[in-house]
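So in numbering that gives the first Met the number 0, the last spot in the first sequence is 973, and the numbers never skip.
No lab work stands behind these hints: they were computed from the structure.
Check each hint, because a few of them may be wrong.
[Said to hold, decoys possible] Below, a list of computed lysine-lysine pairs in the DSSO-like style, where the Cα atoms sit at most 30 Å apart:
(1) K202 to K153
(2) K30 to K640
(3) K244 to K342
[Unchecked claim] Just the calculated beta-carbon pair ranges, DEER-fashion:
(4) D313 to E212: 51 to 61 Å
(5) N105 to V241: 23 to 33 Å
(6) V241 to K749: 48 to 58 Å
(7) V284 to A354: 36 to 46 Å
(8) A354 to D562: 47 to 57 Å
(9) E783 to P346: 16 to 26 Å
(10) E783 to N427: 43 to 53 Å
(11) K361 to S751: 22 to 32 Å
(12) K749 to Q689: 30 to 40 Å
(13) S462 to G510: 18 to 28 Å
Glycine residues also receive a C-beta, built at the ideal position from the N, C-alpha and C atoms.
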Amino acid sequence: MMNYDFQKIEAKWQKYWAENETFKASNDSDKPKFYALSMFPYPSGAGLHVGHPLGYIATDIYSRYKRHKGFNVLHPMGYDSFGLPAEQYAIQTGQHPAITTEKNINRYREQLDQLGFSFDWSREVRTSNPQYYKWTQWIFIQLFNAWYNKKSDKAENISSLISIFEKEGNANVEATCDDDTPSFSAADWNAFSEKEKQEILLKYRLTYLADTEVNWCPALGTVLANDEIVNGVSERGGHPVVRKKMTQWSMRITAYAQRLLDGLDKIDWPQPLKDSQTNWIGRSVGASVTFNVLDAERNRSDEDVISTSLNHLDQIEVFTTRPDTIFGVSFMTLAPEHELVAKITTPEQKAEVEAYVEATAKRSERDRMADVKTISGVFTGAYAEHPFTKEPIPIWIGDYVLASYGTGAVMAVPCGDQRDYDFAKHYNIAIPNIFEGVDISQEAFADKETTVIANSDFLNGLSYKDAMKKIIVELEKIGHGEGKVNYRLRDAVFSRQRYWGEPFPVYYVDGMPQMIDLEHLPLQLPEVEKYLPTETGEPPLGNATEWAWDTDKNEVVSNDLIDHKTVFPLELNTMPGWAGSSQYFNRYMDPRNDDAIFSPEAINYWQDVDLYIGGSEHATGHLLYSRFWQKFMFDMGYVPKDEFAQKLINQGMITGTSAFVYRVAQRPDVFVSKDVFDKHEDLETFKRIQAFTGVSVANLSFDAIRVDVDFVNSSDELDVIKFRNWQPEFKHAKFIEEDGLVKVFREIEKMSKSKYNVVNPDAICEEYGADSLRLYEMFLGPLEQSKPWNTAGITGVHSFLKKLWKLYTNGSLSGVEAEPTAENLKTLHKTIKKVEEDIENFSFNTSVSTFMICVNELTSQKCTSKAVLEPLAILVSPYAPHIAEELWERLGNIGSIAEAPFPKFEEKFLVESSKEYPISFNGKMRFKLELPLDMSKDDIEAAVLAHEKTKEQLQGRDPKKVIVVPGKIVNIVG
RNA sequence: GCCUUGGUGGCGGAACUGGUAGACGCGCUGGAUUCAAAAUCCAGUUCCUUCGGGAGUGAGGGUUCGAUUCCCUCCCAAGGUACCA
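Please model the complete structure; the sequences and the hints are all you need to start from.
Here you go:
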């Protein structure tokens with residue numbers, strides 16, 4: 000008998016698959032198609048850790064399963080290779096990001112290869128590859144050349160808009176456009192200069208330039224994400240951050256808000272993910288209401304009025320979901336960033352308002368949303384006029400109102416909204432009650448169902464629903480508002496002040512953006528000396544000396560040649576991380592095509608992704624933007640489906656088990672074993688620590704110091720020699736031990752290099768093999784849930800593979816071959832049934848248990864039948880493909896097992912004639928009784944009641960009730 | 001704060017539409033084999049127990065003949081919250 004030599008077997012089959020292109024997918028096949036996709040990784044410098052392959056293994060199992068089921072399977076892989084870490088590294092070391100990226104990709108590829116995935120590597124894509132980003136630039140141009148026609152409810156080419164403008168101006172155009180788009184007639188349009196026309200069109204294009212508020216860090220010369228800001232300063236370096244407006248490219252995703260919402264009903268995605276997207280889009284129905292701002296002069300005192308100012312031009316627009324409560328308004332609150340704040344604030348309030356605005360600029364939006372306990376705000380001194388009562392309403396500013404949501408202003412109705420209520424209470428503002436029969440002395444009343452409006456003029460006595468209808472009519476009548484559907488979704492900012500991203504195919508003529516023609520793409524990233532922003536605060540591309548567009552030669556030329564006649568400056572921003580990932584799934588269908596993003600044949604054959612597996616953290620980023628671009632591509636007729644992935648599964652995170660050792664705070668060279676620490680309050684131990692350290696009773700305290708998990712064994716014992724050699728500060732570490740050992744304590748955290756808890760797959764593959772790792776990753780628990788990694792447990796699945804190997808080498812392969820017994824077949828078919836159900840339900844963990852049970856049973860049955868072992872090899876093959884291939888071959892088959900048809904389950908082998916009934920008393924199982932399955936309910940009851948153990952349980956009591964569920968259970972109440 | 005997910009032995013987890021709680025594996029204990037170790041095999045392993053039995057799925061309550069599963073309240077942990085990927 001030969002041993003299970005996994006290293007040899009795995010290397011052999013990986014080579015075989017590569018040489019025979021076993022998993023190369025054809026774009027032309029009679030078989031039904033199946034497109035299985037894993038989210039492609041960002042190739043980080045740290046390499047893959049055991050958490051990364053989890054989803055890939057799941058997708059791989061499903062792909063292989065579908066291949067056994069007769070499908071033509073597309074299962075590609077690539078790299079999302081633009082990104083910040085490579086750029087940071089470049090800033091620190093001066094190494095070109097392309098070089099480090101290439102290196103990281105090669106490392107990833109090695110690691111992926113050794114796991115035995117069935118990827119079609121001939122279709123690999125890299126988002127940072129110019130042949131790839133040519134098409135990212137192309138999509139950008141398509142978006143630039145499109146507008147959203149609300150009448151046809153789809154995106155159209157900008158030319159259709161121009162022809163409308165030429166004929167009738169924009170009065171009848173219903174489009175998603177900027178708020179400040181002016182009205183004009185055909186005559187106006189035709190009289191506009193070319194630049195004016197371009198300016199107008201920019202307000203309609205699906206990608207456009209706009210001033211957007213960002214977190215600007217002057218010291219770093221860059222914009223920061225909310226999570227890069229801690230307590231108002233940059234996480235890196237602790238520099239001040241301010242909110243500031245910047246001109247940036249934006250994507251008009253808001254045009255698609257409703258369709259993105261509606262589309263969720265058509266796709267089989269996890270409900271939590273759909274909920275995230277639904278909340279993100281945030282549809283709410285209500286009304287937009289405008290309030291006139293009373294003239295500041297008149298506000299103060301009538302005598303001071305200099306001019307009878309008709310200066311009512313300042314208006315505050317609010318969006319409210321409760322316009323029915325408009326007579327309950329007792330103040331208004333503006334976001335501190337609101338553009339009117341500076342204008343309307345009275346001189347008396349100026350200092351206070353400015354201080355508040357400044358303080359708010361330092362707080363992050365998330366902070367402001369999360370903090371509901373602190374109520375803060377400042378009165379501006381100005382008043383607005385109630386559109387119906389004409390009463391003056393004080394205007395406040397408060398940081399609970401966010402500039403980015405709605406209009407950045409709210410009409411505060413304290414009796415109907417808890418936040419307004421708390422604010423009013425805090426600042427002693429009136430809380431008029433406009434609800435019939437409701438006590439608002441303690442809290443606001445927000446229940447729409449039972450609302451009856453009072454003290455509200457023409458709304459009195461109406462329900463919420465009726466009042467809503469009425470008020471909207473009245474608002475429209477007086478020209479102070481209208482019914483409106485509002486979305487929380489904002490247009491997506493598409494510019495990044497970074498180097499390592501796609502350059503925009505854009506140059507500027509007279510300040511207006513111009514697109515470079517497709518035939519001249521890709522516009523390649525220029526070389527720069529430094530990857531930092533320029534001294535004048537321009538993005539890193541501002542460092543490039545060759546970054547101008549020659550419209551005669553159609554090529555990039557030196558900046559010195561810019562003459563604004565034929566040579567123009569190029570855009571300095573780059574595209575964000577999500578640009579390259581928003582259509583990559585379609586590019587895989589035809590990745591080497593240089594003439595088109597994909598051929599019509601390819602897209603028509605593959606259509607869309609059947610199964611997409613990836614992390615839930617992409618819920619509102621990648622997955623929303625991709626859906627948006629897909630819908631756009633659909634509108635333009637490039638793709639046949641307006642949703643790109645039919646089914647999506649989120650794999651859970653594999654968490655790491657970090658290790659910590661206690662250190663005496665006053666003696667940084669002294670470390671304490673966990674079991675010593677645990678009893679450090681006992682007098683004896685305390686004295687021991689004191690004697691060792693010389694630290695007095697009052698001062699003694701401990702820090703937790705992170706330790707690399709590589710220095711700790713499975714019994715939590717620290718290798719002190721490795722620890723001392725780890726970092727200079729630990730060189731002379733002393734330990735207070737227990738039984739000669741230093742123990743660490745553990746904590747479950749996200750797996751990350753900075754937490755020193757990363758486990759790499761390489762060493763595991765070396766020691767146990769890829770098949771063991773694949774099985775173990777699945778065996779850990781349900782795919783969707785997060786679960787902690789513990790390498791020690793892998794011995795279980797590894798010895799299962801050894802048992803599997805033994806079953807074949809002791810059986811069929813040893814020449815002793817037998818007809819299958821009824822028992823053999825029962826075990827086999829039970830396994831087929833369960834495994835098939837499990838794969839269909841993505842319950843891969845329970846399949847592994849099922850295999851274990853199957854092999855245990857067949858081993859004890861001493862099964863040697865090829866008729867059983869052959870189908871079993873196919874069942875195992877999606878999970879542990881290398882060993883399955885080897886066994887398949889040794890059973891006498893030629894070629895790969897990959898295309899072998901999946902075994903067919905047959906019920907007839909599982910038919911039973913009796914059942915061991917659990918007999919329970921008041922719901923608790925007390926004993927078991929074997930009874931025929933065809934026994935009638937009454938006979939079962941009689942048989943159970945006659946049983947001596949029943950009498951024992953009842954102890955003379957009469958049963959009150961006997962529940963018999965045939966084939967399931969008997970329950971006796973009494 | 002808000003949205004989402006989860007909480008079952010020492011650990012990872014299983015339990016189909018409410019029907020035997022703890023499958024399978026790790027770890028641990030004992031034994032076999034061995035000069036010894038590794039490997040392998042066998043038995044045991046939720047807790048308490050007066051060895052009859054009793055309790056038990058984050059806590060408390062409810063519905064039910066019967067609840068890990070359904071409902072209500074609460075506690076704890078993780079993920080997301082618009083420029084990390």
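Hints that the structure is at odds with (numbers, increasing):
Result: hints 4, 5, 6, 9 and 13 break, sorted rising.
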